[in-house]
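Visitor: Based on the sequences and whatever the hints tell you, model everything.
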Amino acid sequence: MVWRVVIFGSSLFFYGWWNWRFIILLLWAIGSNWLAGNNIHRCRLSGAQDGVRAWTSVAIASDLTLLGVFKYYDFFAVELSNLLGMGSALPLLELTLPVGISFFTFQAMSYVIDLRRGVVQPMKLLDFAVYLSFFPQLVAGPIVRASEMAPQISTRPDPRQVASGEAFHLILRGLFKKVVISSWLGSNLVDGVFADPQGHSSLDALFGVYGYAIQIYADFSGYTDIAIGCALLLGFRFPVNFDRPYGALSLRDFWRRWHITLSSWLRDYLYIPLGGNRGRTADMYRNVLITMLLGGLWHGSTWNFVVWGAIHGAALIVERSLPTGRLHPIIRWALTFHVVCFAWIFFRAESVSGAWDLVSVIAGFSADTQRLNAGVVLVVVAAIAVQFVTKSASARLVHWISRWPAMVHGIAFGIGLVAIDMMGPEGIAPFIYFQF
Amino acid sequence: MEKMTKTEADSKRDPTATNQGAPAGEVLLAGLVGLLIAIFLNSSVLLTDAKRLPDGSGRSIALAVWNPIESAGSFLGLTWPRAAGDRLLGRSEPEQPIALVRKPIETYTGSEKEEPVVLGVENEQDLKDRPKETLPESPTAQWTVDRPFELWVIGDSMVQFFGDILVSLAETSNSVEATSEPVLASGLSRPDYFDWPTRIAEIMTKHDPDAVVVIFGGNDAQNIKSADGTWLARFEDSWLDEYRRRIGTVMDLVTSDRNRILLWVAQPPMRRQGFDERMQLLNNLYRAEAADRERVQYVDLRGLFTDSSGEYARYLPDDEGKLVDVRLTDGVHLSHWGGEWLSALLLQELRKSPKIDQLWNR
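Top line first, the protein sequences correspond to chains A and B. Counting in numbering that gives the first Met the number 0, the final residue of the first sequence is number 435, and the numbers go up one at a time with none missing. Counting in numbering that gives the first Met the number 0, the final residue of the second sequence is number 361, and the numbers go up one at a time with none missing.
The set of hints was computed from the structure by calculation and includes no laboratory data. Beta carbons are placed, not taken as given, at the ideal position from N, Cα and C, and that holds for glycine. Any given hint could be a false lead.
[What the hints assert, rightly or not] To give an idea of the chain B side of the interface with chain A (calculated C-beta under 8 Å), a few residues:
(1) Gly-30
(2) Leu-34
(3) Leu-88
(4) Glu-170
(5) Ser-172
(6) Arg-313
(7) Leu-322
(8) His-335
[Claimed, not checked] Calculated from the model, a selection of chain A residues having no Cβ within reach of chain B, i.e. all distances over 10 Å:
(9) Arg-3
(10) His-40
(11) Leu-66
(12) Asp-242
(13) Arg-255
(14) Leu-269
(15) Arg-285
(16) Arg-319
(17) Asp-367
(18) Leu-377
(19) Ala-382
(20) Met-406
(21) Ala-411
Guide: Structure follows, in structure tokens:
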């Protein structure tokens, strides 16, 4: 009991440190979903299917309202006003986006839907509060399912078995990715190229896009590593969120490796309920496209994310309709990587027109360079090469580190922190996924 | 059968675990030792960061904590690995001293100029000097590809959001070479964090630009340290005198040696009322100092970034009446579109000089 209270209190403090007012939102999400969840379970046991449906709808409507008001309202109001030529006829809220809202609302929705499906049992209020607010993953995931966390929260983690080697290794690895790789690529290559595409050659622009592909991977997977490492120190194990995504040989493969907890959420709670692979081919393609469009919109309320989702959806459809599996693996890898990079242009650019500017620069085939040097090329190539290191090799490294005494882990951790701080630039930009 | 052994429960719960765990107490101790090592090895950097904090209780506490730790770290020789690493990475090279040739700046005294030091927002229109309608002619009229018109855009994080756009816009003329140099969290209040006058003097000496665009203020509403080391409380008379002196120093550094043009960009309206009032107060100081100097043009942004009621707005209609988001969600910085609007305005200001205007008419 006490340790749950401590974790919940710490999580609220962590969240409130940024803006205490948004604690109310978090508490609302906890209270409303827990209450609805209990009612869903009760109705389910008594066979009241109408009640199950009604409570599920109430909970999901509440979660989507939170998202809608804080994340999407202004976008749709502006687009509607512009479409109708009404100026600013619709009132704009201009609200600050609460950090992590997309993550905790998706976790909450998965809980009530799983209760409806009978996949999980209702959690106690405090357990559910810990599940939804758990600070390592509260602001940028991974999106953990109740079925994964409930068993871990219901019993006290074993204090005799803390995976210190794996935890410290993950935290240092995540910090290195964020502070050194992501920040360095951002300030030395990516930011400049995306800010002024026309001022760069094709080669610079192309490497700017490659650089962004590495930057966003290092940034987001770095955060996930830190989150998983922190959770491990507290005795919790989160699911894997990234599995060397740029080693993928197809887009389907990519989505099994990139932001796995989101893609599996979209698969289980959106794609399959829409019909999934069942029915006619055209229905399946429609389901893929809807899922990817909404997945794009999940990232933010701009057309850029919609286009990003559309590119992935269209590419997945093309991939399914063509016999790409017969191609040589190197060609499949190159095609997949470049489609993903092409979509990243729209994800990163300030506007859709800005993205097309960059595309047109790349298509101009000019080879002079202002930005490229040995360091930039080395970082980009090495970061892609690392994607091909086998899982077993990584596991062996972790296993070897884990055999060290805990005190050696601590000392290595301290020295590693200083080394990372030394290598990083002054002033680190916030994690990219904090804005989602 | 109900009860599993502890080992069975563990393996069921964590089947993917690859390592042998250690007792929590041992791990906690190891983590603390690690943090302690990091603190001592990094103590000189942590102390430097503490010194850069805004004057106040937070800074005092940070200094009280890091000063003795840094002293102990230095005494034990624990700070040298970090210093050696920084040297290896070329991070600790002392700035080359620059021969500053600064025009002596008169210290402002309110009685001499018959002008209020700080004007309330409501008094803004009472300033005696209005922005110049056209910029004076620049002495060099013939800029070419080989001898381009040099434009520099400098300032705090605001520059990040329009500097590159202005550079791109200006360089649509092949006789223009533009450079954007933002330094995050910088300003005129804390030269101990980043010494803009020194950097500006360096730019003037090394690059000799024809025009300079400057924006400061977002980080400047804080106590500042005077030459004798005493802290001047924000917005008190002594603070205002010193801050105006620094504004004047920058303006004169840019414009005194040669007839350069300086566009001093005001802070845009801000979402939070208190912050907006502070920025308006600084704007009045910039406007007053610019009014005294022929080649300094104060560029007001209130008209550009307010709605029809004169209030801050994140979304504003563009030329076609379509709403676009011109500000970021932080209520402070400009969005990409806001950067485009500001860049267009600044280029328009530069083009008020007929000879400069020719650069884009060829």
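Visitor: Run every hint past the structure and note whether it holds.
Guide: Status of the hints after comparison with the structure:
no.: 1; hint: Gly-30; in the structure: holds (5 Å)
no.: 2; hint: Leu-34; in the structure: holds (6 Å)
no.: 3; hint: Leu-88; in the structure: holds (7 Å)
no.: 4; hint: Glu-170; in the structure: holds (7 Å)
no.: 5; hint: Ser-172; in the structure: violated (13 Å)
no.: 6; hint: Arg-313; in the structure: holds (5 Å)
no.: 7; hint: Leu-322; in the structure: holds (5 Å)
no.: 8; hint: His-335; in the structure: holds (3 Å)
no.: 9; hint: Arg-3; in the structure: holds (16 Å)
no.: 10; hint: His-40; in the structure: holds (24 Å)
no.: 11; hint: Leu-66; in the structure: holds (15 Å)
no.: 12; hint: Asp-242; in the structure: holds (13 Å)
no.: 13; hint: Arg-255; in the structure: holds (17 Å)
no.: 14; hint: Leu-269; in the structure: holds (27 Å)
no.: 15; hint: Arg-285; in the structure: holds (31 Å)
no.: 16; hint: Arg-319; in the structure: holds (31 Å)
no.: 17; hint: Asp-367; in the structure: holds (15 Å)
no.: 18; hint: Leu-377; in the structure: holds (16 Å)
no.: 19; hint: Ala-382; in the structure: holds (20 Å)
no.: 20; hint: Met-406; in the structure: violated (5 Å)
no.: 21; hint: Ala-411; in the structure: violated (7 Å)
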